[in-house]
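Residue numbers (this note's numbering), protein chains in the order written: chain A, 1 to 222; chain B, 1 to 481.
If you're looking for bench data, these hints aren't it; they were derived computationally from the structure.
Possibly wrong hints are sitting among the right ones.
Listed below are the simulated BS3-like cross-link pairs for lysine-lysine, each with C-alpha atoms no more than 30 Å apart in a straight line [as the list claims (entries may be wrong)]:
{"hint": "1", "chain 1": "A", "residue 1": "K200", "chain 2": "B", "residue 2": "K341"}
{"hint": "2", "chain 1": "B", "residue 1": "K383", "chain 2": "B", "residue 2": "K239"}
{"hint": "3", "chain 1": "A", "residue 1": "K199", "chain 2": "B", "residue 2": "K383"}
{"hint": "4", "chain 1": "B", "residue 1": "K341", "chain 2": "A", "residue 2": "K221"}
Partial list, derived from the structure: chain A residues whose beta carbon lies under 10 Å from chain B [unchecked claim]:
{"hint": "5", "residue": "D86"}
{"hint": "6", "residue": "I206"}
{"hint": "7", "residue": "K221"}
Owing to the predicted nature of the structure, the values given are computational and were not obtained by experimental measurement.
We put the beta carbon where it would ideally sit given N, CA and C, even for glycine.
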Amino acid sequence: MRILLVEDDAILGNATSIYLRNNGYAVDWVQDGKQADIILHDEIYDVVVLDLGLPQMDGLNVLKRLRARKQDTSVIILTARDDLEDRITGLDLGADDYLIKPIKLPELAARLRVQIRRKHAVSTAVIEYPPLTLHTKEHLVTYQGQPFALSPREFSLLETLLVRVGKVVSKESLIGNISDWDDSLGSNAIEVYMHRLRKKLLQVNIEIRTVRGLGYLLDKKN
Amino acid sequence: MQKKASLRKKLLSWLIPLLLLLILVDSTILFRLAINKLENELDADLFRSTKDIAKFLSDFGNSPTDIQLLENASKIFLNDEVDKVLYSINDNHGQLLSGSKALQHAADTLPINYKHQQSDHNFYYTTIANEEFRVVHSVFNISNAQSTQVVTIQIASTQKWRKTLSNTILIGIVVPQLLLALLSFFIIWFGIKKGLAPLDALQDAVYKRSEQDLSPIELHNIPQEVSLVTNAVNQLMQKLQNLIAAQNRFVADAAHQLRTPLAGAQAQLELAEQEVDPFAIKAMLPRAHQSLDKLLHTINQLLILARSQPEASASFKMIPLDLNIIVKEIALEMAPAAIKKNIDLGFEPSLVPALVKGNIERLHDMLINLIDNAIRYTQNDGKVTVSLDVSEDLVQLIVEDNGPGVSHAEQDKIFDRFHRVVGTDQAGSGLGLAIVKEIAVLHGATISISDAVATDKTTLEKPLQHRGLKVTLSFNRIQSS
Numbered sequence: 001m002r003i004l005l006v007e008d009d010a011i012l013g014n015a016t017s018i019y020l021r022n023n024g025y026a027v028d029w030v031q032d033g034k035q036a037d038i039i040l041h042d043e044i045y046d047v048v049v050l051d052l053g054l055p056q057m058d059g060l061n062v063l064k065r066l067r068a069r070k071q072d073t074s075v076i077i078l079t080a081r082d083d084l085e086d087r088i089t090g091l092d093l094g095a096d097d098y099l100i101k102p103i104k105l106p107e108l109a110a111r112l113r114v115q116i117r118r119k120h121a122v123s124t125a126v127i128e129y130p131p132l133t134l135h136t137k138e139h140l141v142t143y144q145g146q147p148f149a150l151s152p153r154e155f156s157l158l159e160t161l162l163v164r165v166g167k168v169v170s171k172e173s174l175i176g177n178i179s180d181w182d183d184s185l186g187s188n189a190i191e192v193y194m195h196r197l198r199k200k201l202l203q204v205n206i207e208i209r210t211v212r213g214l215g216y217l218l219d220k221k222n
Numbered sequence: 001m002q003k004k005a006s007l008r009k010k011l012l013s014w015l016i017p018l019l020l021l022l023i024l025v026d027s028t029i030l031f032r033l034a035i036n037k038l039e040n041e042l043d044a045d046l047f048r049s050t051k052d053i054a055k056f057l058s059d060f061g062n063s064p065t066d067i068q069l070l071e072n073a074s075k076i077f078l079n080d081e082v083d084k085v086l087y088s089i090n091d092n093h094g095q096l097l098s099g100s101k102a103l104q105h106a107a108d109t110l111p112i113n114y115k116h117q118q119s120d121h122n123f124y125y126t127t128i129a130n131e132e133f134r135v136v137h138s139v140f141n142i143s144n145a146q147s148t149q150v151v152t153i154q155i156a157s158t159q160k161w162r163k164t165l166s167n168t169i170l171i172g173i174v175v176p177q178l179l180l181a182l183l184s185f186f187i188i189w190f191g192i193k194k195g196l197a198p199l200d201a202l203q204d205a206v207y208k209r210s211e212q213d214l215s216p217i218e219l220h221n222i223p224q225e226v227s228l229v230t231n232a233v234n235q236l237m238q239k240l241q242n243l244i245a246a247q248n249r250f251v252a253d254a255a256h257q258l259r260t261p262l263a264g265a266q267a268q269l270e271l272a273e274q275e276v277d278p279f280a281i282k283a284m285l286p287r288a289h290q291s292l293d294k295l296l297h298t299i300n301q302l303l304i305l306a307r308s309q310p311e312a313s314a315s316f317k318m319i320p321l322d323l324n325i326i327v328k329e330i331a332l333e334m335a336p337a338a339i340k341k342n343i344d345l346g347f348e349p350s351l352v353p354a355l356v357k358g359n360i361e362r363l364h365d366m367l368i369n370l371i372d373n374a375i376r377y378t379q380n381d382g383k384v385t386v387s388l389d390v391s392e393d394l395v396q397l398i399v400e401d402n403g404p405g406v407s408h409a410e411q412d413k414i415f416d417r418f419h420r421v422v423g424t425d426q427a428g429s430g431l432g433l434a435i436v437k438e439i440a441v442l443h444g445a446t447i448s449i450s451d452a453v454a455t456d457k458t459t460l461e462k463p464l465q466h467r468g469l470k471v472t473l474s475f476n477r478i479q480s481s
């Protein structure tokens, strides 16, 4: 994976490029907008990590010119400015993501993975949540390689919770996601399916927490 | 200078015409009165002359019709230096006994009842030979030793003397009045000038002030009204001074708050630089990292606080929205943080839409800080509940926890910037509730603090750590359009 890092601060640029290289990316690092513009003209990258406050040419300008050349390289904007207007402008000009400095390097790496996934249109065939593995295409779940029995509705619930792992999922979202199967389910029906799913998951030390008035959260039992 | 000139002009512009009008009316009235009196006197004089003639006739005439006597009499009584005087005496048959025929004929034009009333007199104007005469027409009973007869005596006089006199009166009235008017103008002019002088002084005093000088303006010997304005200006400057001082304090406090974690990180790194043992170095780095995280957090909070200042509010869009939606969104976001501490975070929406006018971004900032505060200062396994309550014209947002709470003495202070309750979480910036307060103020909402659980004074053993904290924000409810 080829990454172009455009960052004028030496210390931040140094740390970022080394970290990304350590994580298996091929990283080219330039420190001003003009150089970035020239290099983007000639070379092809998978993702550009673009700082905005650059000498020679402003980051947004680099982005504008990139998009004007009809290059659809993914761009992640990295900036210290967190004003709403700036964010909207950046996204409107064609950026794929907008990160506020300082960012945790692992977070940057995760966002890069999102961009690469999108670009290669790789839908997540498999979601791992040890000790379970969810196979989205086959609509089944395995536990240590063996099938883990779930009804279609229970599967949908689990899938929705897994896709948003770490976040609380509201009841409304769940109803929306599993009502494709059927006419819309009431919230009581959801609770019934939840109850069944819970029982099954407890057997593998996974629990679904109820957050009052808000929704559900998938969690590992300690 | 503009404002004051127009005040003076304004005063003059109605005072002077009013004064002129007054003097005009006053002069006219005086003049009319004087002329009236003059005319009455002149008329009375004419009449007296007729009486004198009548008396003479009755005293000295053997026969009332003694013509020679009459003519002598006329020379004595009717001598006048200025005006031409005519007379006519006729008997009750209309026969002219003496005097001007023209005058007698003038009487013919009078109405009938004029002519024959005895002991009565009337005045009228007539024109004889192109001159205007004022005439008195009197009827007398002349009786002497021999006989009694009714005669009509008329005396006519031109008006020259009257005109001369009336002109004299006119001048005598108007000239003093004009002088009075002139004097009044000067008095008014001078009075206004002197009266407005203190305003001049105040204006100069304020203009001369540079923006750095906010000390009170001191003027001496100024009237009450101007001194009231001066006091108001001084009060405003005092408020500005306080505001600037508060801002300077804030900047100083902020700098201090930023320096401290920075110093911590640098110290750890300096230590790491001198250290040779890689494991020891590895132990120091997370500490440096932690300090820098805190620094970042403080900086972000400062930015949010700056964005929530009233001065920044001009660019906000306040729109009608249902707080339930925003609260749920933020609560969902913050739930994972609560779960990390095994805190039971719950949301209780209102039964009806909680409609208020607000700015979405600011409310986001506010709610994040409110809920974060509750989670941060509640112990593991604790409970935090966010609820919305809608009454007739209020929407109340309540965040309640069962943590250690805040002592009554400190409850007033927790909204102060950089205030941190002693002995609690060191990772906080002390700005969370200050931000909440600023944003509440922006929305015209009031904020109040109380214990979550009423302190039961009878049970002294009640452990204070479960006092809890309840923060209530009261917004004005708007009706759905």
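Hint-by-hint comparison with the structure:
no. : hint              : result
1   : K200(A) x K341(B) : 25 Å, holds
2   : K383(B) x K239(B) : 43 Å, violated
3   : K199(A) x K383(B) : 25 Å, holds
4   : K341(B) x K221(A) : 14 Å, holds
5   : D86               : 13 Å, violated
6   : I206              : 14 Å, violated
7   : K221              : 12 Å, violated
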